[in-house]
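K.L.:
Now for the letters of each chain:
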Amino acid sequence: MALVYQGTTISPGLGMGRARVVESLRLEPPAERPRDPEEELRRFRRCYAASEEELRQTVQEAQKKLGGHEAEILDAQLTLLQDEYSVLEPIQEAIRDGGLNMAQAIDQVLGGIVELFQQAEDEYMRLRAGDAKDVRKRLLMRALGITPRDYSALPEGTVLVAEELTPSDTIRMDLAHVSGIVTSRGGYYSHVGIISRNLGIPSVCGVPRAAEDGDTVLVDGESGVVTVHPDEAGLARFSQRRREAEAERRRLDIFRSAPSRALDGTAGLICGNIGTAAEAQAALDAGAEGIGLLRSEFLYMDQPALPDEETQFQAYRQVLETMAGRPVIIRTLDVGGDKAIPALPMEREENPFLGCRAIRLCLERRELFRVQLRALLRAGAYGDLRIMFPMISSLEELRSAKAMLEEAAEELIREGVPVRKVPVGIMVEVPGAAVMADCLAREADFFSIGTNDLIQYTMAAERGNPSVEHLYSPYAPAVLRLIAMAARAAESAGILCGMCGEAAADPELLPVFWGMGLRELSMSPGGIARSRAALSGWSTEDCRALAERVLLCASREEVQAALQEAHRRRKTRL
Amino acid sequence: MISQEVCVKNPTGLHARPANAFVKTAARFPCAVTLRKGERTFNGKSIVSVLSACVKRGTQVTIVCDGEQEEDALRTIVEAVESGLGE
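Chains as they are written, first to last, in the numbering used here: chain A, 1 to 574; chain B, 1001 to 1087.
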């Protein structure tokens, strides 16, 4: 009978295969004391030297094989193993003077380090406890003469079932043939979580040892459900889902690394929206050709004090360096009554969405803005930076913001800091900015349409309020006409117009935006490949015709009908 | 014995990779390397000791080198810390 377990997913995907149980080793040091401490010391030194040599080689292999994460962890473990002051000497002392056998001495000294790390207040240090445990295991296994079971050649379609997997476990494993991992311990940020996501192996944790060697196991990394001994119908359904997911993944995978092009070859950029510096890598991995929106708020949120220039500079620089020359649009601080930051007390406003927020706030709190602008300008030396001001609603605002940027640049130059010329653009998210787009385009280097706010301000309907949900829609003709106005103005002025709201990732609207002349679309990294695939099926000419058609529509229903019709026609033609 | 004060600038402080880089740099020299933070001192060649110093970003520490090649060691270590220890 099928056994179903609900765990926590730590790596997405659907995996199925035969279970292989990874036994946790019992590493109990023997109780007897050695008769001759000097002899025991010599045994320990041999054991230590062999472990060190083995780990050194493993590090080298890992650097060649996997690079990144695993090699780094193993290298940190090597440094720990080589710590004479805290590891080697204390163990030798415990054998020589304490009369312990070597396994006891190893267990005592490294156990103490594990505890020291586990009790640390600092999270980074607590993470190191795993390294110390792994080093203890490595030394103890050798001291006790235990050879680990060999997992270096696994049959295709193996589902690993384990209590926990450490770097020293996974490094010797044939993970290329592993189609799923089920562990009882671990978590999203545990070693097994990181490595399985890196390798694309579906994984679920929090399931107690569920299967025996050879059992058929289904690992649903979407829902966290693990099924052992599935019945025939369940197995067939899962296989079908897997085939479909695989076909879709294959189809989209090509588009992760492909350039963004319409059917006729017209090129554009599909970029990622990110909310922290660390997400840049994930965006890149998902196929982003740049960052179309870095929300700089993350530096200010959950912080007791405002971030200083250096902190900001480092974060921006990290993103620019990760993106290695690709364009990176950083939006200056966009907060207000609805998105408050603890270090910046704000007056309560009746209607924060129409109050002193985003660029308005920055122009009022000049020191706050000055620090961010300086940090941005300094970071500009490390890549293709573009600065974007949010919520511009008038030309005066754009001029004031640009004047402050100019001041910051002059200050830096006076201090001898080299400053590169950085393109400066605006978010078009206030209807007033779209209406005045022709004037704004003469003084901005680019536009990026922020659909979320543009819809809310155009339709005077807030997002997420069910009673006005029928109004809040990117398909509203009023919204589409404003977007077209901005795009047209940008085109006449010869500047780039992009989009960074959620609508950018809507494959239904994509041909409309492309037809209006938007050539840069930025979205959550997960949607990049799908959008690029959608774009590749449309010719620019058809997109233009569709955009023109949609702009003549009088209602949201008409817009949707026109889109359905166009998508249906394109499909039958293909 | 020579020493110099230096400010730890990399984002995560003396943690993980930077701590590793620090210890490896110190290990290249025969002299003793000590890290002083306030009143407390830590062995600069021991990863466990350096980690337990819990040096956060923006902290001033003093590097003390004592013994053979102490001048080379101090200069190299201070440079490494100032350049962000590979981070």
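Source of the hints: derived by calculation from the structure; they are not laboratory data. Ideal Cβ positions, reconstructed from N, Cα and C, are used throughout, including at glycine. Misleading hints may appear alongside valid ones.
[To be verified] Straight-line C-alpha distance at most 16 Å; calculated EDC-like pairs for lysine to aspartate or glutamate:
(1) Lys339(A) <-> Glu349(A)
(2) Lys137(A) <-> Glu309(A)
(3) Lys137(A) <-> Glu164(A)
(4) Lys1056(B) <-> Asp285(A)
(5) Lys1056(B) <-> Glu349(A)
(6) Lys1024(B) <-> Glu309(A)
(7) Lys1024(B) <-> Asp75(A)
(8) Lys1009(B) <-> Asp308(A)
(9) Lys1009(B) <-> Glu310(A)
(10) Lys421(A) <-> Glu406(A)
(11) Lys421(A) <-> Asp438(A)
(12) Lys1009(B) <-> Glu309(A)
(13) Lys1024(B) <-> Glu84(A)
(14) Lys1037(B) <-> Glu1068(B)
[To be verified] Covered by chain B, per the in silico footprint, the following chain A stretches (three or more residues, Cβ under 8 Å):
(15) 482-491
(16) 528-540
K.L.:
Now, for every hint given, state plainly whether the structure supports it.
P.N.:
Outcome of the hint check:
For the hint linking Lys339(A) to Glu349(A), the alpha-carbon distance of about 12 Å falls within 16 Å, and the restraint holds. Between Lys137(A) and Glu309(A) the CA atoms are separated by roughly 44 Å; this puts the pair beyond 16 Å, and the hint is violated. The suggested pairing of Lys137(A) with Glu164(A) holds, with an alpha-carbon distance near 13 Å, which does not exceed 16 Å. Distance restraint check for Lys1056(B) and Asp285(A): the Cα-Cα separation of roughly 30 Å exceeds the 16 Å cut-off, and the hinted pair is therefore not satisfied.
Between Lys1056(B) and Glu349(A) the CA atoms are separated by roughly 38 Å; this puts the pair beyond 16 Å, and the hint is violated. At most 16 Å may separate the alpha-carbon atoms for a hinted pair to count; Lys1024(B) and Glu309(A) exceed this at roughly 30 Å. Simply put, Lys1024(B) and Asp75(A) have alpha-carbon atoms about 11 Å apart, close enough for the 16 Å limit, and the pair holds. A threshold of 16 Å between alpha carbons decides the hint, and for Lys1009(B) with Asp308(A) the separation of about 13 Å falls inside it, so the pair holds.
The hinted pair formed by Lys1009(B) and Glu310(A) meets the criterion: a straight-line CA distance of about 9 Å does not exceed 16 Å. Distance check on the hinted pair: Lys421(A) and Glu406(A) sit about 10 Å apart at the alpha-carbon level, within 16 Å; holds. Pair hint Lys421(A) plus Asp438(A) does not hold up; C-alpha atoms about 23 Å apart against a cutoff of 16 Å. The straight-line distance between the Cα atoms of Lys1009(B) and Glu309(A) is roughly 13 Å, inside the 16 Å bound, and the hint therefore holds.
Using a Cα cut-off of 16 Å, the hinted pair Lys1024(B) and Glu84(A) holds, with the two alpha carbons roughly 13 Å apart. About 23 Å separates the Cα atoms of Lys1037(B) and Glu1068(B), which puts this hinted pair outside 16 Å; it is violated. With a cut-off of 8 Å between beta carbons, the segment 482-491 of chain A has 0 residues touching chain B; three or more are needed, and the interface restraint is violated. Here's how the segment 528-540 of chain A fares: 0 of its residues keep a CB closer than 8 Å to some CB of chain B, so the rule of at least three is not met and the hint is violated.
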